[in-house]
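The residues making up each chain are set out below.
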Amino acid sequence: MKWDIKDVESWGWQKHPIGATIPEGGNADYYKTGGWRTQRPVWDEKKCTDCLLCWINCPDSSVRVAGEKFANFDYDHCKGCGICAKICTPKAIAMRDEGGEE
Amino acid sequence: MAKTAVKTRTVAMTGNAGCALAMKQINPDVVAAYPITPQTTIVEEFANYVANGQVDTEYVNVESEHSAMSACIGASAAGARVMTTTSSQGLALMWEELSIASAMRLPIVMHNVNRALSGPINIHCDHSDSMGARDMGWVQLFSENAQEAYDNTIIAMRVAEHEDVLLPVMILHDGFITSHAIDRFDILGDDEVKSFVGEYIPKRTLLDVDDPATFGPFAMPAFYYEQRKALRVALDGAKDVVIKVSKEYGELTGRMYGLFEEYKLDDAELGIIVLGSTAGTAKYVVDRMRVEGVKVGLLKPRLFRPFPSAEIADALSHLKAVAVMDRSDSIGALGGPVYVEVKAALYNSSKRPAVQGYVYGLGGRDTGPDQIETVINDIKKVAGGEEAPRETVTLIGVKE
Ligand code: SF4
Ligand code: SF4
Chain G
0 MKWDIKDVES WGWQKHPIGA TIPEGGNADY YKTGGWRTQR PVWDEKKCTD CLLCWINCPD
60 SSVRVAGEKF ANFDYDHCKG CGICAKICTP KAIAMRDEGG EE
Chain U
0 MAKTAVKTRT VAMTGNAGCA LAMKQINPDV VAAYPITPQT TIVEEFANYV ANGQVDTEYV
60 NVESEHSAMS ACIGASAAGA RVMTTTSSQG LALMWEELSI ASAMRLPIVM HNVNRALSGP
120 INIHCDHSDS MGARDMGWVQ LFSENAQEAY DNTIIAMRVA EHEDVLLPVM ILHDGFITSH
180 AIDRFDILGD DEVKSFVGEY IPKRTLLDVD DPATFGPFAM PAFYYEQRKA LRVALDGAKD
240 VVIKVSKEYG ELTGRMYGLF EEYKLDDAEL GIIVLGSTAG TAKYVVDRMR VEGVKVGLLK
300 PRLFRPFPSA EIADALSHLK AVAVMDRSDS IGALGGPVYV EVKAALYNSS KRPAVQGYVY
360 GLGGRDTGPD QIETVINDIK KVAGGEEAPR ETVTLIGVKE
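One line per chain: the protein sequences are G and U, in this order. Going by numbering that gives the first Met the number 0, 91 is the number at position 92 of the first sequence; the sequence numbering is gapless. Going by numbering that gives the first Met the number 0, 282 is the number at position 283 of the second sequence; the sequence numbering is gapless.
Derived from the structure by calculation, the hints contain no laboratory data. Check before you lean on any hint, since a few could be wrong.
[To be verified] Here are the simulated lysine to aspartate or glutamate pairs, EDC-like style, with alpha carbons at most 20 Å apart:
id: 1; chain 1: G; residue 1: K14; chain 2: U; residue 2: D163
id: 2; chain 1: G; residue 1: K5; chain 2: U; residue 2: E225
id: 3; chain 1: U; residue 1: K294; chain 2: U; residue 2: E260
id: 4; chain 1: U; residue 1: K228; chain 2: G; residue 2: E8
[Said to hold, decoys possible] To spell it out: a stretch of chain U is covered by chain G in this simulated footprint if at least three of its residues, at any positions, have a beta carbon under 8 Å from a beta carbon of chain G; those stretches are:
id: 5; stretch: 103 to 113
id: 6; stretch: 211 to 219
id: 7; stretch: 226 to 234
Quick reminder that beta carbons are idealized off the backbone N, C-alpha and C, glycines included.
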């Protein structure tokens with residue numbers, strides 16, 4: 000993080016950049032949205048054909064890819080919407096309840 | 000004729016053509032606009048300048064005003080000098096972007112040619128469109144005639160981009176009355192406008208890949224409130240910048256503009272407050288009644304946002320009674336927005352006149368000298384103690 004925001008919660012109105020601009024990009028990464036999830040996507044390597052439709056369709060960029068193949072889920076940000084499971088033709092992704100059995 | 004630092008040229012053209020000409024002389028980087036009556040001839044005329052290669056502007060044809068303001072926001076965040084124009088329903092369709100433009104502190108300059116809001120649908124003048132947008136964080140400058148509409152366009156660019164302001168500015172003139180009537184007024188040369196507005200150098204831009212930034216982020220309760228305070232401070236501060244830039248413009252052109260215009264108000268006992276083109280009619284009525292010995296004067300607000308409350312309270316302090324005329328009604332409130340502002344501005348003053356509110360000319364209803372004379376005679380009774388001031392607003396020129 001280029002920007003020191005340790006004590007940002009206590010900043011007065013004059014300390015914030017004009018127009019609420021944040022002087023760096025890609026900072027949504029710092030906000031962990033995985034805690035919103037009630038269901039998690041679980042991947043089955045045997046069924047996966049690496050078509051990457053899940054990666055294209057994930058609205059939260061939470062499907063990670065390595066070497067043009069499915070790698071894993073970013074559970075820090077995945078909100079559990081289930082789009083990846085729905086889009087997966089060989090049914091390589093299943094949605095499991097959070098808080099239940101692993 | 001006032002002495003001027005530059006050669007001006009006198010032209011005869013409509014208010015809208017004057018606004019398009021000022022835009023051409025400013026030569027903005029981006030204009031994104033959608034045509035709507037009575038603003039259409041501004042974009043039409045400006046599109047000609049683009050087609051003829053007389054400006055360097057990227058002209059974005061959009062499918063709606065919602066898209067027009069969205070494109071303006073994107074372009075302005077990218078560091079471009081941006082202008083647009085609209086009216087009435089078009090302004091209404093921009094609604095959600097209006098407050099985003101101001102919160103993001105983007106110096107977009109927009110003409111809103113005043114037209115009544117639907118419904119019933121109507122294309123003629125009243126101020127309900129821009130008065131509805133008065134709390135959106137935009138600077139609002141009203142023009143009486145084509146000269147002021149032209150001048151305000153150039154002044155607005157400097158005000159918007161001033162580092163103490165960085166806010167969008169809305170310039171208002173009356174639909175059809177000012178927009179479509181041919182008026183005689185003075186213009187500056189292209190080079191003079193160019194040097195007056197100068198170059199816009201944004202502090203941070205969306206397209207700077209070497210120093211990326213996030214524009215328009217989400218603000219949780221811990222941060223939103225501070226942003227709104229910063230916005231209030233900036234908008235309040237725009238008042239001094241309007242004074243400063245208008246003075247500089249006045250030194251160049253000989254046309255001096257303040258926060259408002261006072262006409263024969265100094266020694267008056269009665270005051271009339273009206274903005275826009277009707278102020279011209281009111282001046283005529285003031286002259287006519289002065290001949291008959293009625294000590295009446297006019298205050299014509301120019302800057303409506305931020306509202307110069309203290310200065311207006313001061314300018315009215317010596318009067319006995321004031322009539323405030325609004326070309327829009329704030330339905331369910333005490334009266335029209337100018338009336339409510341003026342009354343609030345006076346409340347804590349020890350020396351203050353009685354104030355009475357009037358609504359006039361909705362949907363383009365003609366407002367002639369006789370109606371204004373009736374209003375002045377009406378407050379004369381209040382000033383003379385014959386009648387107590389009415390709390391409720393009076394709608395004049397309406398058929399009972
Ligand atoms: S959509 Fe299914 S098959 Fe395609 S990469 Fe994702 S998990 Fe694998
Ligand atoms: S469940 Fe939704 S958010 Fe999570 S990886 Fe799948 S598509 Fe992305």
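Mind listing which of the numbered hints don't hold for this structure, in increasing order?
none
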